[in-house]
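Asks: Model the full assembly from the supplied sequences, consistent with the hints where possible.
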Amino acid sequence: MSAAQTGTLHIPKVRKKDMRAIQISFLHMLKFMKKDMMLLAAGLSPLLMGAAIRLGIPAIDKALRSFTGLSQILGPYYSLFDIFYSAITPSMFCFVAAMVMLEERDDHIDRYLFVTDLGKRGYYISRIVIPALVAFVISAVLLPIFRLAVSSFAMILFLSFSGTLQGIIIALLVVNISSNKLEGMALTKCASLMMLGAMGPYFIERPSSHILFFMPSYWTGLVITEGRAIYVLPTVLVSVIWIVILSCGKFRRYT
Amino acid sequence: MLTIDKRFINLLRWDLRFQARYGFYLLYVLLTVFYTLVLFAIPGSWKEKTAAMLIFSDPAAMGLFFMGAIVLLEKSQKVTSYFAITPMKAREYVWSKVLSLSAISLVVATILATVAGYTAIFPLLVGTFLASAIFTLCGIIVATKISSLNQFILATVPIEIIGFVPAILHIFGVTGSIADRLYPANVCMDMIMGDRPFAAGLLLTVALIALLLQVACRSVLKMWQEQGGVKL
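Read top to bottom, the protein sequences are chains A and B. All the letters of the first sequence, read from the start, carry residue numbers 145 to 399 under the numbering used here. All the letters of the second sequence, read from the start, carry residue numbers 28 to 259 under the numbering used here.
Since the hints were derived computationally from the structure, they do not count as laboratory data. Nothing here was measured: the structure is a model prediction, and the numbers come from that model. Do not take every clue at face value.
Straight-line Cα separation of at most 20 Å, DMTMM-like style, residue types lysine to aspartate or glutamate; simulated pairs [stated by the list, open to error]: (1) B:Lys105 <-> B:Asp42; (2) B:Lys172 <-> B:Glu253; (3) B:Lys116 <-> B:Asp32; (4) B:Lys102 <-> B:Asp42; (5) A:Lys333 <-> B:Glu187; (6) B:Lys102 <-> A:Glu327; (7) A:Lys175 <-> A:Asp251; (8) B:Lys102 <-> A:Asp162; (9) B:Lys116 <-> B:Asp207; (10) A:Lys264 <-> A:Asp162; (11) A:Lys178 <-> A:Asp251; (12) A:Lys333 <-> B:Asp85; (13) B:Lys105 <-> A:Glu248; (14) A:Lys179 <-> A:Asp261; (15) B:Lys105 <-> B:Glu253; (16) A:Lys179 <-> A:Asp251; (17) B:Lys102 <-> B:Glu253; (18) B:Lys102 <-> A:Asp251; (19) A:Lys264 <-> A:Asp254; (20) B:Lys74 <-> B:Asp85; (21) B:Lys76 <-> B:Glu187; (22) A:Lys264 <-> A:Glu248; (23) B:Lys76 <-> B:Asp207; (24) B:Lys102 <-> A:Asp254; (25) B:Lys105 <-> A:Asp251; (26) B:Lys105 <-> A:Glu327; (27) B:Lys74 <-> B:Asp222; (28) B:Lys172 <-> A:Asp251; (29) B:Lys76 <-> B:Asp222; (30) B:Lys116 <-> B:Glu101.
A few chain B residues that face chain A, going by a derived Cβ cut-off under 8 Å, partial list only [what the hints assert, rightly or not]: (31) Tyr49; (32) Phe51; (33) Leu54; (34) Leu58; (35) Phe61; (36) Thr63; (37) Ala96; (38) Ser103; (39) Ser175; (40) Leu176.
Beta carbons are placed, not taken as given, at the ideal position from N, Cα and C, and that holds for glycine.
Replies: Here it is as structure tokens:
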């Protein structure tokens, strides 16, 4: 049997085994979350937050307008609420996964998992990538229901995608920079500020607002406020740079 | 008595070092810079209320946010097992946590209040300390009963709702009855805003802290006595 033939026989077998390990690892995390009731909370909160935004914000806007007599108060910022909503669901899913990872690190479970078939890469896929993909789907389904301003299908997909990238960045920041759950909680507070970059294009004049260039959410805000698709590129590019830097840090940390 | 005092001071110093080592001070330097920028960016008429909301919801409530991680880390490092066999009292442990976290809250609150142009700093400091004590004690009570961070985060959500929502509505005058000014969270918020609280409200707040302190001490003692499934 030739080497090529051996390769073609071997590679799918290994991949299948890896996938099985990743699947088991993900299901294990779901069981852990179910025990803490976090699974229920993570499942319900996007719906509750969506309903609160969809019904609450226009009601508050109406009340404020009648109270102040101004023609518009929150109206110009409806799209900002859409950006936040599209980022909150993935960030929350990735945050919950990051908390599980911090627990596993403090209990020294992660290093045992690394030496199994799962490996480091599989561990990170099962703990961050799969929850992020699930969050992307949920965000893309719920955003059209609870949106306030964005209407096009492409924009909904873009917001869900950029929100998912932010969720991954927040999880990687928390997990890779902190060495225990206490530092992780401290970093969560800092990392969640990343989402606030979206406010830059709404409240800061150009070119001063470009000081927030390192935040992916800033570029997401620009895509919406300027209505120019060209800003999709820096959104993805800045996110990918963050993910690559943090991923490199991850592998250094464990080697 | 002298030994107890020295022990408490050592414990307090250890807690402060612990918080410094795990980046609390660095975190709050960053957050204070961020909040200061926010306060500079918003219109002057909004500054006071925004600063009050920021102080009440972050530095004052940091105990509620971090206590789960602090206690769980101590558990995983087996520190609580050592506490169980030392002469240290649960009350000393609880006070040490309250005072060490309040110290950060008070410094951050003073900076934010100065940036926002507050003149009544003394009531602000008292209000921040009382709010910090309430939230930290609630955090300790919850933290002693949980086994994971996610459990802690979920368990603190009702406390956050009960603590934050009435106080924020109170700032905007959405609620205005006398009963509202007796509610401990609103009393703290009044003081953070530089207003004089109702004497009855202040008494009620102190009584709540005393009650929470008792419950927190019992919870800590119970946690120490039940190490690794064995009841000491």
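Asks: Assess, step by step, whether the Cα of B:Lys116 is no farther than 20 Å from the Cα of B:Asp207, and give holds or violated.
Replies: Between B:Lys116 and B:Asp207 the Cα gap is close to 36 Å, so the pair fails against 20 Å, i.e. violated.
Asks: Min Cβ distance, B:Tyr49 to chain A: is it shorter than 8 Å?
Replies: Interface hint status for B:Tyr49: holds (5 Å vs cutoff 8 Å).
Asks: Given the hint that B:Lys74 pairs with B:Asp222, test it: the Cα-Cα distance must not exceed 20 Å.
Replies: Answer holds: B:Lys74 to B:Asp222 is near 16 Å, not above 20 Å.
Asks: Does B:Asp85 lie within 20 Å of A:Lys333 when you go C-alpha to C-alpha?
Replies: At roughly 10 Å apart (the allowed maximum being 20 Å), B:Asp85 and A:Lys333 satisfy the hint.
Asks: Assess, step by step, whether the Cα of B:Lys105 is no farther than 20 Å from the Cα of B:Glu253, and give holds or violated.
Replies: 12 Å, holds
Asks: Has the given pair, A:Lys175 with A:Asp251, been kept, meaning a C-alpha gap of at most 20 Å?
Replies: 17 Å, holds
Asks: Assess, step by step, whether the Cα of B:Lys116 is no farther than 20 Å from the Cα of B:Glu101, and give holds or violated.
Replies: 16 Å, holds
Asks: Under the criterion that the straight-line Cα-Cα distance not exceed 20 Å, is the pair A:Lys333, B:Glu187 satisfied?
Replies: With a Cα-Cα distance of about 16 Å, the restraint between A:Lys333 and B:Glu187 holds, given a limit of 20 Å.
Asks: Sort out whether A:Asp162 lies within 20 Å of A:Lys264, counting only the CA atoms.
Replies: 11 Å, holds
Asks: Any CB of chain A closer than 8 Å to the CB of B:Phe51?
Replies: OK, holds: B:Phe51 within 8 Å of chain A, min 6 Å.
Asks: Hint check: is the beta carbon of B:Leu176 less than 8 Å from a beta carbon of chain A?
Replies: Since chain A brings a Cβ to about 5 Å from B:Leu176, closer than 8 Å, the hint holds.
Asks: Can we keep the B:Ser175 interface hint, with Cβ of chain A closer than 8 Å?
Replies: With Cβ-Cβ at 5 Å, under 8 Å, it holds.
Violation of the numbered hints given earlier is confined to hints 8, 9, 14 and 36; the remaining hints are satisfied by the structure.
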